[in-house]
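Using the hints, position chain Y against chain X.
Read off the chains here:
Protein chains: 2
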Amino acid sequence: MNDNRKEIIRLLRQSEGNPVSGQDIGEKLGISRAMVWKYVRNLRKEGYDIRSSPKTGYILDAYPDRIDPDELKAILKTSLIGTDVRYYSDLESTNNTAREIATRSPEGTVVIAETQRKGRGRMGTEWQSIPGGIWLSLILKPSVPLDNVSKITLVAGIAVTNTLRNAGIDARIKWPNDVLVRGRKICGILTEVSAEVEKVDYVILGIGINANVKLVDFREDIRLNSTSISNEIGKVINRTAFIASLLYELEQQYIMFKTRKFTDIIDEWINLSDTIGKEVKIKTPNKLIEGKAVGITENGAIVVLDRNNERQEIIAGNCRYRN
Amino acid sequence: MNDNRKEIIRLLRQSEGNPVSGQDIGEKLGISRAMVWKYVRNLRKEGYDIRSSPKTGYILDAYPDRIDPDELKAILKTSLIGTDVRYYSDLESTNNTAREIATRSPEGTVVIAETQRKGRGRMGTEWQSIPGGIWLSLILKPSVPLDNVSKITLVAGIAVTNTLRNAGIDARIKWPNDVLVRGRKICGILTEVSAEVEKVDYVILGIGINANVKLVDFREDIRLNSTSISNEIGKVINRTAFIASLLYELEQQYIMFKTRKFTDIIDEWINLSDTIGKEVKIKTPNKLIEGKAVGITENGAIVVLDRNNERQEIIAGNCRYRN
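One line per chain: the protein sequences are X and Y, in this order. FYI, in the UniProt record's numbering the residues of the first sequence are 1 to 323. FYI, in the UniProt record's numbering the residues of the second sequence are 1 to 323.
All clues stand as given, with none of them false.
The list treats identical chains as one, so a pair stands whether inside a single copy or across any two.
Cross-link-like lysine-lysine pairs, in silico, DSS-like; alpha carbons within 25 Å at most:
#, residue 1, residue 2
1, 287, 199
2, 141, 199
3, 281, 292
4, 258, 287
5, 38, 55
6, 199, 118
7, 6, 73
8, 281, 151
9, 261, 287
10, 281, 199
11, 6, 45
12, 174, 261
13, 199, 174
14, 151, 283
Honestly, the hints are just simulated from the structure, not real lab data.
Looking at chain X on its own, in the form it has when it is part of the complex (with noise of 0.2 Å):
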């Protein structure tokens, strides 16, 4: 049944607009006329724009902006990530449901939601997971201690910022985990773990991207900071071969971390950083400090020179720029 499906939409859309008969359809998939014109039905529920002639046949208009995990699993070029893609319409969020199934899953699973109910963000903040977005997180175990965990976050900013870069949008990264492109949001990094101190048993990668969300839709408050794929290059991408792309990118970065030195990573880091340089407010749970931020430690800590030129090292805190 699925099957008949998934192929009227694939022959639909091979033929770019151009009529398809019913005939020929029920004949390649050995169903009746009648019966592929009750799949036609299902698919105009689920918002493909299927136009009919009764003389000409079946065109396929428009087709809902869903990320497609079969296409990705074909398209997918990686050998770990991604070797289990768990797809589903909605979760509570992609993170949650990443650690229920973490310790039963192979590393490199994949879980993708077209939307997320209770979407979060850094330190139990709400993330708006609006429809069109890319909302995915990575299962990872790679057996190293406990401190090495804020490297793979960074390294996550870099694949991140890398396959937006390819993408054509100015990417950069404010620390400590938040991907801007003129300013603005663009995507948001939730690291999670499970751990003992000498050996980690696994990292949760959250990435919520905004792709095709469109900025009005955004409450009131985030919108002002925020903007999306879409909105920067001026139309709707397709997601599922973004997320291929940013898989790819994720496991080059993943294999780099566990082979090259870490100095290399943080270079690579600061170069594509849109806060290292600037002056910064950064407010921790004891303190604020004011300063000019100057590079970033093994750690993750952000390196901040205050006014009285004292080095500081802060490696959790809500980071903003002066003015």
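Same frame as chain X, now just chain Y:
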């Protein structure tokens, strides 16, 4: 029902070997002598050695060596650690249970099991949990960044060692996380964490102490390198009282972890250390480092001066002493 059982035990223990008549017990509890006799028979089945003489009454000669969670709650002098004590006769692993309940449990919750079927040591090794030991896991929820977790482990090592020393045992810490007496293991600590990079969700401190364990019960390969409290001091200890002291010491150290300069904690750790100053051989997944252990870093890494007098920091590995 259960209260009567406890009250009978209390009355018998209170009389310290002197007989207590069934009539007296019955009157105090408002139950018949026949009912008292029924309770006594059940207690005998549980391992309570209760003599009875028709003329004088019941005498408690011996009671099973079990941890008493009610007694523990009564004598506990802490305000955070042990707020909630979950006592089980048998668990797969106290760390596993603690992880399962961590999110919905208050900070300070302690999971205690009389026996563990699948006790775990560091890095997936087996931990032989013989009856008579102390197997417990503590749930902590410090709101600190991830890189603070190894400090909590160091602090836990200090707490266990201090508690053993207060009990008259010359305990010392072997890097990274064992406690030794005369070179033999008496305690192991397994720290597990669930966290974001910027904020710890919860830490599980699994502490296994060979308290009243008989050395003959150890598997041969473990026996030679192990000892127990009862073996060291020549008598069985009251495990309930020992746990109360341990939780008190853990609370003191946990408060200090939050307020004290970390260099002070390192100094105390080094003071109690069995490893610093020794010639060591440390095996990591990538290499073997031989040299003299000279210190530890803020991340809990051991500092070794190798043959070329070069400083090596090792965060995780298997440490053996060279002789």
